[in-house]
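S.K.: Given the coordinates of chain V, work out where chain R should sit on it, guided by the hints.
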Amino acid sequence: MPISENTREQMREIAARYPSARSALLPMLHLAQSEEDEITTDGINACAEVLDITPAEVTAVATFYTMYKREKVGKHHIGVCINTMCGLLGGDAVWDAVVEATNGSNNATTPDGEFFLERIECQAACTHAPVMTVDWEFMDDVTPSSAVEVLDKLRRGEQVQSTRGPVIRDFEATEHTLAFPDDGLADAPSVDDKMLAGLRIAKEQGMQGGNA
Amino acid sequence: MATPLTPVITEYWDRPDLYTLDGYRAVGGYQALEKALRTDPDDIIAQVKDAGLRGRGGAGFPTGMKWSFVPQGDGKPHYLVVNADESEPGACKDIPIMMANPHALVEGVIITSFAIRANHAFIYIRGEVPNAIRKVEFAVKQAKEAGLIGTNIMGSGFDLEVVVHSGAGAYICGEETALLDSLEGYRGQPRLKPPFPAVAGLYASPTVINNVETIANIPYIVDRGVDWFRQFGTEKSPGFKVFAVSGHVKRPGIYEAPLGITMRELLDYAGGMRDGSEVKFWLPGGSSVPLLTAEHLDLPLTYEAMAEAGTMLGTGTPMVFDQTVSVVKAVTRWLEFYKHESCGKCTPCREGTYWITGVLEKFEHGHGQQSEMDTLVDLCGQISGRSFCALGDAAATPYPSALKYFREEFEAATHTSADDQFDPIASYVFAGVGAR
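Top to bottom, those sequences are chains V and R. Position 93 (the first sequence) corresponds to 93 in my numbering; numbering is contiguous. Position 133 (the second sequence) corresponds to 133 in my numbering; numbering is contiguous.
Derived by calculation from the structure, the hints in this document are not laboratory data. Certain hints may be false.
Unchecked claim - List of simulated lysine-lysine pairs, DSS-like, C-alpha gap at most 27 Å:
| no. | chain 1 | residue 1 | chain 2 | residue 2 |
| --- | --- | --- | --- | --- |
| 1 | R | Lys339 | R | Lys362 |
| 2 | R | Lys362 | R | Lys404 |
| 3 | V | Lys72 | R | Lys339 |
| 4 | R | Lys404 | R | Lys193 |
| 5 | R | Lys339 | R | Lys404 |
| 6 | R | Lys250 | V | Lys203 |
So that you can see chain V by itself, here it is in the shape it has in the complex (with noise of 0.2 Å):
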């Protein structure tokens, strides 16, 4: 489908935020993603005019970029992280659970149009091992059965909040919010118990720290 005027439009704010328009091409192409749940020719082509550069240049930057998708993505994106920490630390477990209770596969959308799985790097989140990202936000901490039970909320529609994150939305809102970040969302937790665990500990025991 035809990028719209009005995503067009908002494609041309963006690139006024950057002494030189073409900075501004990775947001908008989630702005594009968002629109399509991929990134489709209409995309690139919408891009390539804003921006006045070819469709081909608008091609070699999408294909460069995992985070952009060649094929529709389902409602919700579920990257499980398999990098070494993750992975060993039982990220390969939660990733078996995960393809099998959605008959889904990596880099692909779900049968049921659901889910698009993908088995992600490191997420900067090893401290919460294993890892699951749901539409690109957090779900520290999964063990298979956790990462199941989310997956089966979200198919009911219930709603799932990331830990360390808002409410979870959809895979097009996030590629939104990349997009134009300032999406109300900014109040939602974010600080858990493992990041204030130095914190605390220097509480109890007094230590002056940085005030010394």
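M.R.: Just chain R, lined up with the frame of chain V:
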């Protein structure tokens, strides 16, 4: 006596409103900015130089020196770019800083921009962490509304625009010149150096690229002074560090401590190893630094001591693995990562990561050949120092250090798979709980 923890950047993380301007101001936030704007920019650069702050992104380059490389009075626009692309396996400290204390980063950005005479700053955050991106965006927006970003900031005559930029999933963009290409809207591939970014960086203009934690240190240094900063750490590694301890420890998490604390002390703060477990190997800062063993636990975590032990402090985010983990499997997984993330620009890295990974996977499945243990050493030698950027060097790092300490495991992998040598379930952190 054990080295005490020193919460500075993390000091008020238990305040639920710290991410807001009011919350940050209530604990002294933006006082440093006021002070900085009344100071000569060159004096701020000198102060950061004297403090000896070293880059917290992995390389440990002296921050003040980096700033001083920017030519002043050259008539060109200057740029500050914050590298918030934290993607190094094991590194998990910048994302927490941005989610818990985003204004420390924003205040640091404003002060740094003022010091290097940049009127435009960019915070390049990896796209896979929308929750960090929205927090930083919110902090920037609040700072703008309060007149801390924009034109004539606090009547100083200094103007600054700050843009929060989302990446799109490419580890290579943590390499500073690849990040610049990405930020210019291209494939993120590294540039030839020289020229260095301080001379020709973003849009071919003088550019400083600093890590999130580095910039978050700046307000505290400006506010409290060089002597205060230097009372922590060592002569060559002054200050404190947001350590993120992960792995088979009882309380993985964030522990801010002076540089020079030992891994054993950090382990104690983290509750020690989980029950019935002992340290098999650990890495001081990401998968790109050589691994160490239990015999290295008493070394100070400083740039110099880690270098002396044949490794690097890196991102200062120790990963600790116990005796249940197959080093062959761990290393293979890291190489699969480097293979996936190699940008393809140079041949040694593009081809080499494929070859190493292919041979390592044979070992993981118990089909390695004795002679291939040396072939791999050779392969790593062909990549290290011969690649276009540090990603190739990093990819050539895990195997040689693993072989050095665990040769017998690779020998066993010529006939027995990693999973048969080490039951994978034993290394799960939820063994028995919710496992299927």
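S.K.: A separate judgement is required for each hint: does it hold in the structure or not?
M.R.: Going through the hints against the structure:
Restraint check for Lys339 of chain R and Lys362 of chain R: the C-alpha separation of about 16 Å stays at or below 27 Å, so the hint holds. The hinted pair formed by Lys362 of chain R and Lys404 of chain R meets the criterion: a straight-line CA distance of about 19 Å does not exceed 27 Å. About 26 Å separates the Cα atoms of Lys72 of chain V and Lys339 of chain R, which keeps this hinted pair within 27 Å; it holds. Between Lys404 of chain R and Lys193 of chain R, the direct Cα distance comes to roughly 32 Å. Violation of the 27 Å bound is thereby established for this hinted pair.
Note on Lys339 of chain R and Lys404 of chain R: the hinted pairing holds, with a Cα-Cα distance of about 22 Å set against a maximum of 27 Å. A C-alpha spacing of about 19 Å is found between Lys250 of chain R and Lys203 of chain V, which places the hinted pair at or below 27 Å, so the restraint holds.
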